[in-house]
Amino acid sequence: MSDVVTSTIGDHAPAFRPSYTKVFLAFARNSLVRDMTFRSNFIIESITSLSWMAMNLAYYILIYQFTVSIAGWSKMEYFLFLATTLFVNAIVQALFMPNCEEFSELIRTGGLDFALLKPIDTQFLVSLHKINWSSLWGALFAAGLMGYALWYLPETPSPVAFLLYPFYLACGVAIMYSLMIALAATSVWLGRNQTLYDFWFYITNFSRYPLEIYSGAVGDPIRVLFTFIIPVLIVVNVPARLLAKPLDGQNWPLAVFALFATAASLWLSRLVFTKAMRSYRSASS
Amino acid sequence: MSLPANYAPGFEAGDHSLARPNRLRIWATVLRISIEERLVYRGDFALGTLMRFLPLLTQVFMWSAIFYAVRRADGASTIAGFTYEEMIAYYLLTQVSRAFSSMPGLASMIALQIRNGEIKKYLIQPVDLIGFLLLGRIAHKLVYYVVAAGPFALVFYLCRDYFSGWPDATTMLAFLASLVMAFIMGFFMEATLGLLGFWLLEVSSLLFIYMLFTFFFSGHMFPIDMLDGLPWHLGTIVRAIPLQYLAYFPAAVFLGKIQGADLAWGLGLQLFWTVTFIVLCRVTFNLGVRRYSGYGG
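Chains A and B, in that order, give the protein sequences.
The letter at position 259 of the first sequence is residue 258 when you use numbering that gives the first Met the number 0, and the numbering goes up by one with no holes.
The letter at position 198 of the second sequence is residue 197 when you use numbering that gives the first Met the number 0, and the numbering goes up by one with no holes.
If you're looking for bench data, these hints aren't it; they were derived computationally from the structure.
One or more hints might be untrue.
Stated by the list, open to error - Restraint ranges, calculated between C-beta atoms of paired labels, are given here:
id	chain 1	residue 1	chain 2	residue 2	range
1	A	Gln64	B	Lys119	46 to 54 angstroms
2	B	Arg31	A	Phe256	33 to 41 angstroms
3	B	Pro125	A	Trp188	22 to 30 angstroms
4	B	Ser204	A	Arg269	49 to 57 angstroms
5	A	Tyr19	B	Gln124	32 to 40 angstroms
6	B	Leu157	A	Leu115	27 to 35 angstroms
7	A	Ala27	B	Leu157	25 to 33 angstroms
8	A	Leu189	B	Gln258	32 to 40 angstroms
9	A	Trp132	B	Met50	42 to 50 angstroms
10	B	Leu229	A	Pro118	24 to 32 angstroms
11	B	Arg31	A	Leu115	54 to 62 angstroms
12	A	Gln64	B	Arg31	47 to 55 angstroms
13	B	Leu153	A	Ala53	31 to 39 angstroms
Backbone N, C-alpha and C define an ideal beta-carbon position, used for all residues, glycine too.
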């Protein structure tokens, strides 16, 4: 690590800028080394994460035994939707989930002091210092499912859709991350926030379905709430729609709004994070 | 709690026959302490219970979309024998069955206590580990029902249109009996899994598999009637294993899906599995204790 983060003690150059890419790669390498140290644990975690996904897929295969479409999504279209959900989940779980959980714990125990002292952006450090490699199997599973669905889809999506897909996937991950880090940062004021984690789980649960299903007297307000106020419905719906549905007049506005929602989410979460850091008082003895 | 410093539950003052404490009073005290312990987090409990219904909201929309598509495609109004209303009522009722049969943290706690040696205290004290844990769980559940009754009543009231009225007295009694057995069976199944820690030390991956299977094949995720037409007799196999009694069976009984001889037969089978797991748990415990060696203080 010494070649990455050089000490600033005694270093009189006021503008020390660590290379964020190098630091991130070092985090990734360290996490992989740790995962490989406990190899059988890694294998078990990989198997459990894969079987969870297989069960998820089996559920929808079962449902499509009884129907040809759900809210206008045919089986293969829905598989694309599911693959996108799994992609987002895999990335969020690999990069941010373990870190955000630990972040609350750092706040509670006072261990955050050490993170604050490091000559690097604290949010970057606490958000990314651990990578859960076994979750990335999910991304592989999702890629396989996506390939299968694209193969059997009657119409191949346009090249533009393929280009935009990774970008909107990243936007989706960014929205999920913003929500998670903002919730974790509230530990500064709340002390312990197990309920908030449940809250995250239950809120993001809404993102896992096509937005068409939310209609009617109760559905419409839910759709508006989770599109415009807490934009979790955008996370999966926008990228999945790019591949599964033609980009017509109905979908463009949503895709444009997704850009705005991503930027706003990131900005707001940064705001919450900095505010939380200002209120942080160490909890050590 | 204000207890005299030398208070020892079950032991009468001046009673020198320490080996024969008053069992009933010990159990009563354990139960009372557990209840008080649980009530500390009642606010968190009530909020958590209400939030647990949120995923159900998405299920309502999802199934509404599915039934709409099925009706439009071939005019059918049922899926695997369930109407839309019954399907939603079914999901609501599985929440009730799971409130009885799920034992969060039980198996992992037992395994942890075996691993770190805390289990020694039950082996040397005149207290039975499984009985102690069962009382703790009963207390946990009693408090849970008291606190969760509000949120449950609210959600069921809001969803009353999905139900076609109260079932008759026989069905209701059968429903209650299956719920009680679901609790006992759930407890002894998970306790047995935890006790495997005597041999395996780490049971978390085993627990994950158990959780996965329970989620899928207990009827928690969908009514297992949906599996009936599938190849490899999947439906028959799933009906043969005892997981359905943890979620599907009580809910199906309430909805009147199982009646007459089938109902009696089902309850009998559930009783059989319940007793089986009680015995299995006891045997596992005895064998485990014989294997166990505790070192240090």
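Hint check:
1. A:Gln64 / B:Lys119: 46 to 54 angstroms: holds, 52 angstroms
2. B:Arg31 / A:Phe256: 33 to 41 angstroms: Given about 57 angstroms between the Cβ atoms, the range is violated.
3. B:Pro125 / A:Trp188: 22 to 30 angstroms: violated, 47 angstroms
4. B:Ser204 / A:Arg269: 49 to 57 angstroms: violated, 38 angstroms
5. A:Tyr19 / B:Gln124: 32 to 40 angstroms: violated, 56 angstroms
6. B:Leu157 / A:Leu115: 27 to 35 angstroms: Violated, since Leu157 of chain B and Leu115 of chain A (Cβ atoms, about 47 angstroms apart) do not stay within the stated range.
7. A:Ala27 / B:Leu157: 25 to 33 angstroms: Since the Cβ atoms of Ala27 of chain A and Leu157 of chain B sit about 48 angstroms apart, the hinted range of 25 to 33 angstroms is violated.
8. A:Leu189 / B:Gln258: 32 to 40 angstroms: violated, 50 angstroms
9. A:Trp132 / B:Met50: 42 to 50 angstroms: With a Cβ separation near 31 angstroms, Trp132 of chain A and Met50 of chain B fall outside 42 to 50 angstroms, so the hint is violated.
10. B:Leu229 / A:Pro118: 24 to 32 angstroms: violated, 59 angstroms
11. B:Arg31 / A:Leu115: 54 to 62 angstroms: The hint (54 to 62 angstroms, Cβ to Cβ) is violated, given that Arg31 of chain B and Leu115 of chain A are roughly 46 angstroms apart.
12. A:Gln64 / B:Arg31: 47 to 55 angstroms: Given range 47 to 55 angstroms: holds, Cβ gap about 51 angstroms.
13. B:Leu153 / A:Ala53: 31 to 39 angstroms: holds, 36 angstroms
Hint check: violations occur at hints 2, 3, 4, 5, 6, 7, 8, 9, 10 and 11; the rest are consistent with the structure.
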